[in-house]
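There are 4 protein chains.
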Amino acid sequence: MLIVMDAHATPEHVERVCAEIRDLGYAPHPMPGPTRTAIGVTGNEGAIVQTSRISALPGVLEVIRITKPYKLVSRDFKEADTVVSVGNVEIGGPGVVVIAGPCTVESREQLFSTARDVIAHGATVVRGGAYKPRTSPYSFHGLGEEALHYLAEVREQLGTPVITEVMDKATLPLVEQHADILQIGARNMQNYPLLKAVGRSHRPVLLKRGFAATVKDLLLAAEYVVAEGNKQVVLCERGIRTFDDHSRFTLDLGAIPVLKSMTHLPVIVDPSHASGYADRIIPMARAAIAAGADGLIVEVHPNPAFAVCDGEQSLVPERFAQMMQQVERVAAAIDRPLVGRTPLVTGV
Amino acid sequence: MLIVMDAHATPEHVERVCAEIRDLGYAPHPMPGPTRTAIGVTGNEGAIVQTSRISALPGVLEVIRITKPYKLVSRDFKEADTVVSVGNVEIGGPGVVVIAGPCTVESREQLFSTARDVIAHGATVVRGGAYKPRTSPYSFHGLGEEALHYLAEVREQLGTPVITEVMDKATLPLVEQHADILQIGARNMQNYPLLKAVGRSHRPVLLKRGFAATVKDLLLAAEYVVAEGNKQVVLCERGIRTFDDHSRFTLDLGAIPVLKSMTHLPVIVDPSHASGYADRIIPMARAAIAAGADGLIVEVHPNPAFAVCDGEQSLVPERFAQMMQQVERVAAAIDRPLVGRTPLVTGV
Amino acid sequence: MLIVMDAHATPEHVERVCAEIRDLGYAPHPMPGPTRTAIGVTGNEGAIVQTSRISALPGVLEVIRITKPYKLVSRDFKEADTVVSVGNVEIGGPGVVVIAGPCTVESREQLFSTARDVIAHGATVVRGGAYKPRTSPYSFHGLGEEALHYLAEVREQLGTPVITEVMDKATLPLVEQHADILQIGARNMQNYPLLKAVGRSHRPVLLKRGFAATVKDLLLAAEYVVAEGNKQVVLCERGIRTFDDHSRFTLDLGAIPVLKSMTHLPVIVDPSHASGYADRIIPMARAAIAAGADGLIVEVHPNPAFAVCDGEQSLVPERFAQMMQQVERVAAAIDRPLVGRTPLVTGV
Amino acid sequence: MLIVMDAHATPEHVERVCAEIRDLGYAPHPMPGPTRTAIGVTGNEGAIVQTSRISALPGVLEVIRITKPYKLVSRDFKEADTVVSVGNVEIGGPGVVVIAGPCTVESREQLFSTARDVIAHGATVVRGGAYKPRTSPYSFHGLGEEALHYLAEVREQLGTPVITEVMDKATLPLVEQHADILQIGARNMQNYPLLKAVGRSHRPVLLKRGFAATVKDLLLAAEYVVAEGNKQVVLCERGIRTFDDHSRFTLDLGAIPVLKSMTHLPVIVDPSHASGYADRIIPMARAAIAAGADGLIVEVHPNPAFAVCDGEQSLVPERFAQMMQQVERVAAAIDRPLVGRTPLVTGV
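Chains as they are written, first to last, in my numbering: chain A, 27 to 374; chain B, 27 to 374; chain C, 27 to 374; chain D, 27 to 374.
Wrong hints could be hidden among the right ones.
The list cannot tell twin chains apart, which means a pair is met if one copy fits it or any two copies do.
Below, simulated SDA-like cross-link-like pairs (lysine to any residue); rule was C-alpha separation at most 25 Å, straight line [what the hints assert, rightly or not]: (1) K195 to E172; (2) K104 to L83; (3) K195 to A253; (4) K242 to K257; (5) K97 to F166; (6) K94 to D271; (7) K222 to A196; (8) K242 to D32; (9) K242 to S227; (10) K257 to H167; (11) K94 to E38; (12) K242 to Q183; (13) K94 to M288; (14) K94 to A35; (15) K94 to K222; (16) K242 to P60; (17) K222 to Y164; (18) K242 to I90; (19) K104 to A146; (20) K97 to E179; (21) K94 to S162; (22) K104 to E38; (23) K257 to A106; (24) K97 to P37; (25) K104 to E202; (26) K195 to H228; (27) K94 to M57.
If you are wondering where the hints come from, they were derived from the structure by calculation, not from laboratory data. Please read all numbers here as calculations on a predicted model, not as lab measurements.
Please put together the full structure from these sequences, using the hints given.
Right under this line is the structure:
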């Protein structure tokens, strides 16, 4: 922590701040400068400092925190990459993982048809919404438990892990029973009771970045989960809100290298929600992998025009197949195979 | 709804879109122009149109929705202002209401001391956090049920309604039992299970705008509550995230007249969280009232330097008293009294 | 300046950074902590430090600048408020100044009619665009020199100073000759050759905040002008770009108290461009004054429906008169008179 | 254009709007719906409609423009990709172009050393700042004309076209004389006199997106240049301002496929300014190409720690070489060669 005194602070002001710092159990290091004095603070960085006790003192201009507020999820704490294992799929390892399926499970048939298609084209985890958070109370909110049963059937019959969103503590036990990965949606990224609850689950968690969450907020949300004991957390960039509306959200791919340097957790990208339109998803899926993402989560629907939800941003299976071919080539160009595919032989 | 065809769309493309519109139970109105054709759509606007069925058709450039997605909260639906009554306090009536108290209930003594002060200076509802959503898992998360009891005591002994945040469905019955108004925090504005739960409560709801929520998102969140039967909803502007970090959040006072024209619900402003520093709260409190807000919710602490939470943005009681004097004068300048105060006599 | 070393930095890394700091002519103050070392830097803060020489050294995690990059415009440099005088009008003094007139000068008649109206209702400076920066090359770009002559006539015949925008160095001499205040538009806030040019003018400058400019950027732009010798600068908040589109821009009134504490320069607000619609301008004009602004600049048009530019955001003279009455009362509520009006007598 | 009437509009209101539309020379198409009436407008879309004449009429809720405000730069106007030729380099053709060099020309030696390095590693255009727009008036502003002479020497001796920024009309003739491409910086994207001036130049223009400019704003700025006759315009995404500060700017790669569908102009990406740190530039350079960009503009410095400007975001030549190898492989993965390099043979 660093305390910057204002230009008119007296030596008495400086001494009083130093006394307060000592009183809080820290060591002050005053550094007089030509126009103002700064005071460095060292000590037990794990403790919570009540900065308000210091910022309220006379002569204090600014209190600057240096210590990162998250610990367990940081690279400082654990240098090696975390690899999240689900079934025989590893997220965060050398390979790139593609999760795909319908936005919403509409029927057993629709889910199985889509799941078979995406698996055939190389997806290794199947997604499908059972409980859907919708901006309008009048929209379709998912089949609920019925959808969970269909997802469980997909895992049993097709041998692929499944992921679905959990919206509250009340339905968590049911979701936990049927799904292999628990998804926390963007709107729930700071729903702390829910984060704590999935932090006590034995299932891996996919944590989506809130659309107004900074990278630091995302890491703090992950810290909530990990602090409860669940270390199997995958982060997901899915677009943030900005002033431009050319797309539904602005996909922040610059966050990928930043997150990879700050945390040991795997990072994947959802290009569907940000792009909003199918014809922009493929370029953004390629870009996400080129930026260093560990995987993708993509919406696929056999007949998007009739999707009950987010049809405009769903790929038809044929387009998904094209996406997979292109993503595989881009991944190969940075020496990463697609998980579950025999790697391409490139002549480079 | 309006469908814009692209410049190269053929008459067959236009006819196919019209056929699809008729198939969906609506009436198409094609309007050929010199460079492109647009197609107006009329019919039962209450229904959910699967726009993806249309946007996927060949020749379609854009589908523009016109109907507002919220209904019950709109001025179109109900022209007269909603007045939310709690005890003998009316929010949304001619008077301006000030809600004040500590960010977090730290002890019985701290709450009572602050409550007595703010009531003495004109606050008519007392706030105090029992359950605190905190960005870091390592911060203090509130006294919980103990704080609820203290709040109930405040109401009984000091005769003032109390408001506190409810964070999840599990603790809702307890909060409902002790608090007069249920606060939904910014981070939970799109926590739909929670919105539905408070929508079935008999207690009024204070709904804070999420820091990346548009005005439309806020109205849709309120629609969730009202659609469940609870019409006693107060909206609260508390700052949004923008590129500038001169303050913790950018208080969007321009949203006040916009909301007042779009909805019949009362709108209040929280100047504490956005401003971040006590010396900016008073000007923003004045500005909020001048912009037409129906009230304020403000953090006050007897000794901010020792507050366990958000001390920097809390007013000491003396500063709160100054704020009240100034707010009262500004309110009088637009012919609104402070609720619970004998109105000033101004010579204008 | 503060240098934070990473957790794995060795004593040799720390020593090398200290040596580099000494080599740059500064004094290093290493502060070893339990998990990492920080190094404070003191010395001649006026110099430009090449932080890249330090941030590139091994073991360095972060370089944090503390010194503010602007000087002449800061309160640290000059504590007393700057009062900008133009004719007999003072901007930044105890009174609140209202500048009003048409967005664009369309004809001699339109300008004079509007000027007479706004002066009658209390405006003390007349605005009118001669050169208009327009987003589209196909929009009307102003009458140019002809408009300047009409503005000069207004000053001579009606006795009121006039303000108009200057768009480039080429037309500056002409604008300088006819206008009393030179306006720099939001899109030119970082047009440095233009800032330098008006910095050498003898005319006061009204500097509008760019719609993506931070408060710090605005102060640095003002520093450009003042550094050239022109100390007569008025800052103007006019709305920033955010994710919400409920209005054309988000008026950042929270910047007013922030600016007033950081700089001695006067700060006014343009509620017209941000609000976009006439019925939102009055509440925002009131709120701007309540937040502590030193004045307003407002668009008025005798017949907005026929305005060649920005008609939707112009007030008709009758609405402007209402605005003035309300603004005067709000100003009186914070003990500020309207410049050029006999102050109200309030009974408080 | 579409006019939406409010729910309480009478048939007389509708008729009056229709009369006004006819008066403006357009054809109204009223479409009565169950809750409100909409009125389509068709006619000569090239004309400027004074929407304020309509929005001011009683009963009008909203006026929605449909026609795009830019024309010459749109794909509707010209379907085929524009290829900008400079020397023997083509930007916007099948190949990917890399422009590289120092942020600022510091000396003849520094420029030549960097230019030789980047050419050796595959850059085909050399960049170097002669006139530098700097946020602070106290920063180094470039060598000016001296730098232009060095750049011209580079072209003559090394046979590579050069690009440099032009900051105002006054220095345009000089820049035009020495540089092969005129760069318009982000802060000048809406400096209309400058856009018009380069629109009359015979040199190609690289137009950088302003950091708060929407994609539509960028296209309108390009329209200014093209409307003056200069069709050789290259667009450049370089990051926008958002609420997160993990990087200097948020690189908006989602804008690439959007721009490529909206305009025929080439689009390149500057990963240096957005990333801010050298170790994030390579992943973002790869991602930009994977997203479909036609090229890159990158800052390289032989000794970034001693750069007078933006050293932190400059690559050393060795890292640039790595970037080129990786970018070449990613480009090959989407079947695009690097311009000026013998294409890789990939075994796919």
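We went through each hint and held it up to the structure:
no.: 1; hint: K195 to E172; result: both (18 Å within a copy, 23 Å between copies)
no.: 2; hint: K104 to L83; result: between (37 Å within a copy, 23 Å between copies)
no.: 3; hint: K195 to A253; result: both (18 Å within a copy, 23 Å between copies)
no.: 4; hint: K242 to K257; result: within (18 Å within a copy, 37 Å between copies)
no.: 5; hint: K97 to F166; result: between (39 Å within a copy, 17 Å between copies)
no.: 6; hint: K94 to D271; result: between (33 Å within a copy, 15 Å between copies)
no.: 7; hint: K222 to A196; result: both (13 Å within a copy, 13 Å between copies)
no.: 8; hint: K242 to D32; result: between (29 Å within a copy, 18 Å between copies)
no.: 9; hint: K242 to S227; result: within (24 Å within a copy, 35 Å between copies)
no.: 10; hint: K257 to H167; result: between (30 Å within a copy, 22 Å between copies)
no.: 11; hint: K94 to E38; result: between (31 Å within a copy, 24 Å between copies)
no.: 12; hint: K242 to Q183; result: neither (40 Å within a copy, 43 Å between copies)
no.: 13; hint: K94 to M288; result: within (10 Å within a copy, 28 Å between copies)
no.: 14; hint: K94 to A35; result: between (28 Å within a copy, 17 Å between copies)
no.: 15; hint: K94 to K222; result: within (21 Å within a copy, 36 Å between copies)
no.: 16; hint: K242 to P60; result: between (34 Å within a copy, 23 Å between copies)
no.: 17; hint: K222 to Y164; result: between (30 Å within a copy, 12 Å between copies)
no.: 18; hint: K242 to I90; result: both (16 Å within a copy, 17 Å between copies)
no.: 19; hint: K104 to A146; result: neither (37 Å within a copy, 40 Å between copies)
no.: 20; hint: K97 to E179; result: neither (39 Å within a copy, 39 Å between copies)
no.: 21; hint: K94 to S162; result: between (37 Å within a copy, 11 Å between copies)
no.: 22; hint: K104 to E38; result: between (43 Å within a copy, 24 Å between copies)
no.: 23; hint: K257 to A106; result: within (13 Å within a copy, 52 Å between copies)
no.: 24; hint: K97 to P37; result: between (36 Å within a copy, 24 Å between copies)
no.: 25; hint: K104 to E202; result: neither (27 Å within a copy, 43 Å between copies)
no.: 26; hint: K195 to H228; result: both (15 Å within a copy, 23 Å between copies)
no.: 27; hint: K94 to M57; result: both (23 Å within a copy, 17 Å between copies)
The structure is inconsistent with the numbered hints 12, 19, 20, 25, although it conforms to all the rest.
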